[in-house]
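Novice: Sequence:
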Amino acid sequence: MKKDLLVVSLPPHISGEFRTRQIMRDVLIALGPACLAAFYYFGLPALLVVVTAVASCVLAEHLIQTVVLKRPTSVGDLSAIVTGVLLAFNVPSHLPLWMVALGGIFAVGIAKMCYGGLGMNPFNPALIGRVFLLVSFPAAMTSWPVPIVNRFAVDAVTAATPLGIVKEGIKMGEPVSQLVAKVPGLWDLFIGNR
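Position 14 of the sequence shown, counting from 1, maps to 14 under the working numbering, and the rest follow consecutively.
These are calculated hints, taken from the structure and not from any lab test. Bear in mind that the values here come from a model prediction, so they are computed numbers and not experimental data. All C-beta atoms in this analysis are idealised placements derived from N, C-alpha and C, irrespective of residue type, glycine included. Among these hints, one or two may not hold up.
[What the hints assert, rightly or not] Pairwise CB distance ranges (calculated):
id, residue 1, residue 2, range
1, M120, K171, 53 to 59 Å
2, G32, M120, 23 to 29 Å
3, R71, A30, 26 to 32 Å
4, I170, K3, 54 to 60 Å
5, V135, L36, 26 to 32 Å
6, H62, P122, 20 to 26 Å
7, L6, L44, 54 to 60 Å
8, K3, E168, 56 to 62 Å
9, D188, L47, 28 to 34 Å
10, D4, L47, 52 to 58 Å
11, R25, T161, 39 to 45 Å
12, A140, D188, 33 to 39 Å
13, P122, L69, 18 to 24 Å
14, L97, D4, 55 to 61 Å
[As the list claims (entries may be wrong)] Lysine to any residue pairs mimicking SDA-like chemistry, simulated, CA-CA at most 20 Å apart:
id, residue 1, residue 2
15, K171, V183
16, K182, E168
17, K167, V183
18, K167, L179
Sequences are here, hints too, so could you generate the full structure?
Specialist: See the structure below:
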């Protein structure tokens with residue numbers, strides 16, 4: 001009788017035909033609508049932040065690999081571009097471009113390449129870049145611009161949460177059918193229409 005042995009190995013445990021470049025391309029395609037929305041809501045400054053973050057991440061990765069590590073560059077796998085886009089989405093759109101570039105260099109140089117490159121880093125490089133910028137420039141990183149679209153629209157509406165409605169209704173002894181009627185539907189909750 002053959003016993004099934006437990007095989008212990010390093011990841012990835014599931015493999016397929018996908019290569020890093022294809023996966024990163026798919027991630028960039030998925031981030032495309034968010035990039036368009038950033039441009040729509042915050043204008044050209046948001047687009048400049050994205051371009052600066054991507055350029056600084058790609059340049060940092062290329063220079064570190066070719067000049068410092070003396071090995072072929074891997075910028076063709078698109079991972080530096082993904083890091084740049086994610087970093088750009090994590091900073092205010094009016095952040096000075098030199099700060100964005102500094103965050104990109106730190107993200108790739110310290111948070112990615114110091115650990116051995118793609119897949120070896122314990123933390124997301126873009127988020128490490130954001131934390132670096134937040135610690136280094138707290139005032140710039142905690143002020144967010146008002147979107148260009150609907151600048152004079154109502155910013156927020158306060159109301160009881162669905163859980164609060166149910167809680168107070170139960171305290172007052174209201175029937176469950178009346179409580180359910182007061183709670184908005186799942187779609188309204190999902191899109192924030194409450």
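Novice: Of the hints given before, which are not true for this structure?
Specialist: Those not satisfied: there are none.
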